[in-house]
Amino acid sequence: MLRLAPVATLLVFLAPIVAGLLSTALPAFGWFPALGGREFGFGIFARLFAQPGLGTSIALTLLTGILATALSLALALAFCAAAYGTNAFARAQRFLAPLLATPHAALAIGFAFLIAPSGWIARVISPELTGWTRPPDIATVQDPLGLAFVAGLMLKETPYLLLTLTAAIGQADLARSLATARMLGYGKFTAWAKVAIPRLYPQIRLPVYAVLAFALSNVDVALILAPTNPPTLSVMIVRWISDPHLDLFMPAAAAGLLQFALVVASIGAWRLGEIAIAHAARDWLTNGERGGEGRLRNASARAALTLLFALAIAALAALAMWSVAQSWRFPDALPDRWTSAHWLREMPSLAAPATTTLLVALSATAIALMLSVLCLENEVRSGKRASKALALLYAPLLIPQVSFLIGVQTLLVRLNLDGGFAALVWAHLLFVLPYVFLALADPWRALDPRYTRIASCLGASPWRVLFAVKIPLLLRPLSVAAAVGFAVSAALYLPTLFAGGGRWTSLTTEAVTLASGGDRRVLGVYAFAQAALPLIVYAAALAVPAILFRNRKGMA
Amino acid sequence: MTGLSLRDVTLRVADKYLLGPLSLDVAPGAVATIMGPSGSGKSSLLAYLCGTLDPAFAASGQATLDGVALAGLAPEKRRIGILFQDDLLFPHLSVAGNLAFAVPANAPDRQRRVDVALAEAELDGYGERDPATLSGGQRARVSLMRALLAEPRAILLDEPFSKLDAGLRDKMREFVFAHIRARQIPCLMVTHDEADAAAAGGYIMRL
Amino acid sequence: MRRRDFLIAAGAHAAAPAFAQTSWTETLAAAKGKPVFFNAWGGDERTNAFIAWTADRVRAEYGIELRHVRLRDTAEAVQRVIAEKAAGRDSGGSVDLIWINGPNFLAMKEQRLNYGPFVERLPNFRYVDAEGKPSNVVDFTVPVDGYAAPWRLAQIVYVYDSARLPKPPRSMAAMLDWAKANPGRLTHPTARNFLGATFLKQALYELTQDRALLAAAPTDANYDAAVAPLWAWYDALRPTLWRRGAQFPESGPAQRMLMNDGEIDLMISFNPAEAAVSIANNLLPATARATGLDGGTIANTSFVSIPYNAANPAAAMVVADFLLSGEAQARMSDPRHLGNPTVLDVERLPPDQKKFFADVPPVPGMLSAAELGRALPEPHPGWMTRLAAEWEKRVLR
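Chains as they are written, first to last, in this note's numbering: chain A, 1370 to 1925; chain B, 983 to 1189; chain C, 8 to 404.
Only chain A is shown next, with the shape it has when bound in the complex:
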């Protein structure tokens, strides 16, 4: 039965994605009888390309997506080069997990609070430094080039890449190679670039592609920070899908495929870029140039990351501040009156989405943990290292959500499953499982196999070994994986919107909905609650094993 675990996992998982993509493709090519589409052809694409603003939207999508990925990667690599092996690196590590647990939308909302012309930064420096007594008419949020959007994406993606880099560094045993290069006279920055990056990059390639796919196709951050006339392609698609006359439903499906093509093409282009850079750098790697101390480069990389972290923390602080402000008028640096009224008044309406968020996240995480454990256990027992097929688990991270969710929604309605709790949990599972599996796989594989052998020889059945030995020994990585899964689920916007069928709203969908509205104080309440929930769960995930094994030094 256990042998079926990977197969079942992939089926539960991939079959609906493929079915979703197909059922997006049918209306895109003209087949959708419910709306009178009974002829295959490219007519729908012609209608799509006639939509106003489509070209600008595509250009904006590509520009922001690629720029955000390139800058996030560059900053993560530069910071490693500047700080690996120093206290600054260790300090940065401590910020990564809480930042990663914070949902994109909450950070984006807080970030907008911060940098808007009427935002906190402008309030702090006005009117003393700027002379502004009212906000200037400058677009710093939803700016036409999408720079605020790029920065908002970097707030989350840089820490994510930094985390994957840290994991890769741990596996590659780089310390000695770097020390060797330094003793040969290479500067810190150059040593890193010539010795570490070529070895690390292949290991973080998949996460980089996932970041690229996310930056090209996410909806929630784009709704908050990206320009609106026109918006990015995925936002445009969501807009069309909610058109009451369904005129644009079929072009929206075609746009879903276009979005998919954009991501595939961008990943392809990125790969070509990798090859080109590797080729161009071949001689440079061995040309003996040792680089200087690179103090300026080191300092600026550190400063950039510090600034990024500071912005993220200030964004969360801005959320908290607004949620307790009674009135806070420009250009006051702080609210002039404070109140708990917003929290008290919103508490009843907050309860339902908070409960949904909690239940869905816990269910999806529990299932993901179970499937991951079964797959890993099967791997260990059969002695076969994860089949290549399991790499397909990462598909949901590389395929734009909107591309298959359009089709999935139609399928769910047809199967009468839309708006059901099961459908919602499944939609979340698609995105939770890959991250849980990633978080769990390395520690699981690294467990000393002799513990299992000893336990078997002591007469324990394989299941007893699993529950009495492995799971307790791996409780810490299991908790961390659970916290990761919870945070991923709690942050999901589009899957909740599509599979929830309007009956289920989460803190994320509520916060994003409110973000288009007007009361920053109420938005502050929701966005702060949205950010706080996964952080609390993360803290609990660290605390549980620590408390359970407080008297076990060997478990530290």
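These are calculated hints, taken from the structure and not from any lab test.
Quantities reported herein were computed from a predicted structural model and do not represent experimental measurements.
Keep in mind that the hints are not guaranteed to be accurate.
Unchecked claim - To give an idea of the chain C side of the interface with chain A (calculated C-beta under 7 angstroms), a few residues:
1. Gly-50
2. Ile-89
3. Ser-101
4. Arg-133
5. Pro-368
As the list claims (entries may be wrong) - Mimicking DSBU-like on lysine-lysine, the simulated pairs with C-alpha atoms at most 30 angstroms apart in a straight line are:
6. C:Lys-116 with C:Lys-92
7. A:Lys-1922 with B:Lys-1153
8. A:Lys-1922 with B:Lys-1145
9. C:Lys-187 with C:Lys-140
Using N, Cα and C, we set each Cβ at its ideal position, and we do this for glycine too.
Given the structure of chain A, go ahead and fit chains B and C onto it with the hints provided.
Just chains B and C, lined up with the frame of chain A:
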């Protein structure tokens, strides 16, 4: 026929010959020693006997314990205990918890057996301690008692003393072999330390 | 209990339309313990709070579990009903009640997606003012025919900051002149938003040559000529708007936030009490005031309708009836809550319902009827749909 018996056991990995054919009989209460350099497949041989051999290996030949063929039996049904150079006490359990893990679930006097084992390991009153707080010698003794509490019908030793301080080693050898002889079970030890083989005082095979 | 007895008694006297086989008493019984998924735009916090209060009240009175499905756009709910119909789900649908009017109502009505006609069966419907407030029964020139119950009146006003703009413009021409002299201080919600499209519609009303055309759906023959003066005016206005007319707030509340921050000085609103209510809630500066236009402004009614496949139509009707009660209507007209004019004829209410209105305090900053000006009927929804689509073509490039 009692004891542990190996007939023409051969181990291969990916069509590469690793060890054997090897034939050997170990009587109850006797300790047989296999000596060989690292990489000679000693540990794999023990894994083969335990039933925990990596599926990448292929084994041929026959192994029996008390006349019963081991092939096809699940590891937990073989009732073969094993000790490694590391004590491998479960870090999440207390000392007593580690011992209780090994006592058969249906034994009527589980607690007493744990207490007796603690006493035999000269660790009275240490039951609730965290294994990480014990000394190396103490941990090694708990590890042996844990293996014996599962009532094995044979015991395998994989370089069991190599990580102990030189001063402790003699005492530990004496402790281990005395207990094995007292229980009258066959024991197979693999090691590269001549002193281990000498202390065991049984048949020695060199690879 | 007294109140419920009254409702039951009132129900007994209500005229029974042809399709209604069940009495109001039976409707109340069928409603008990049922959930009602109320799909309503969730972008305005005061409305959300009002719906939350409604949920508390109908739970206490009728045992109904009202759940507010907060929409980004009402069209989402219409689309869901259409999707369910396409999938053949003709009962047990996921939407029980929709806050609706205008193009969305027309879409529902044209595609026969409404349950009913049901409004005549609501005991409180007989207090609705259909003569003095004709938009309660004719929505955007489309007869409601009993398929939607009114609950909230709206009329366009322009809110301004009197500290910066002592004498607000009261015509489109004056607005353009002011905007040219004060660039960056006016905007409107995106025309994809109801209020944003209304901004264009109100201008169309004043600028078009032949207003009579607006009472019927636009045709390809008359549309271009009718809207030409509007676009001429708008092309001149747009470069003077906030962010040079390249960026627009997503909704009315988002626009109000810009005013509260001091980014803009003049904005459109659909609530005559907007200034008073928002000042009280710290959402606008204390110097905010509202004004109508010399030529009058568009007024309309918000309705609730029930999809034909609603899972719990009885409970949805009870909620619709509660929204028409003196208690709910008085709270709605209270500037501390929503401040919208009531859809009822208060004079006709029986004393125990009328008393709720006596509790509404007079609030400074409310518009007098004279300041508000004449109420103009909504144009046919087709105008709004076309204007919004054309605006999108002009702005998205």
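Satisfaction of the Ser-101 of chain C interface hint, Cβ to chain A closer than 7 angstroms: Since the shortest Cβ distance to chain A is 5 angstroms, the answer is holds.
Holds or violated: the hint that Ile-89 of chain C contacts chain A, with Cβ atoms closer than 7 angstroms. 6 angstroms, holds
Quickly compare the C-alpha distance for Lys-187 of chain C and Lys-140 of chain C to 30 angstroms and report which way the hint goes. Distance of about 37 angstroms is beyond 30 angstroms: violated.
Quickly compare the C-alpha distance for Lys-116 of chain C and Lys-92 of chain C to 30 angstroms and report which way the hint goes. Holds - the C-alpha atoms of Lys-92 of chain C and Lys-116 of chain C are around 14 angstroms apart, at most 30 angstroms.
Tell me if the interface restraint on Pro-368 of chain C is satisfied: Cβ within less than 7 angstroms of some Cβ in chain A. 20 angstroms, violated
Would you mind confirming whether the straight-line C-alpha gap from Lys-1922 of chain A to Lys-1153 of chain B stays at or under 30 angstroms? 27 angstroms, holds
Holds or violated: is the Cβ of Arg-133 of chain C closer than 7 angstroms to a Cβ in chain A? 32 angstroms, violated
Sort out whether Lys-1145 of chain B lies within 30 angstroms of Lys-1922 of chain A, counting only the CA atoms. It holds: about 20 angstroms lies between the C-alpha atoms, which stays within 30 angstroms.
Agreement of hint Gly-50 of chain C with chain A interface, Cβ distance less than 7 angstroms: With a minimum Cβ separation of about 4 angstroms from chain A (threshold 7 angstroms), the hint on Gly-50 of chain C holds.
Going down the numbered hints, you'll see the structure goes against 4, 5 and 9, while the others check out.
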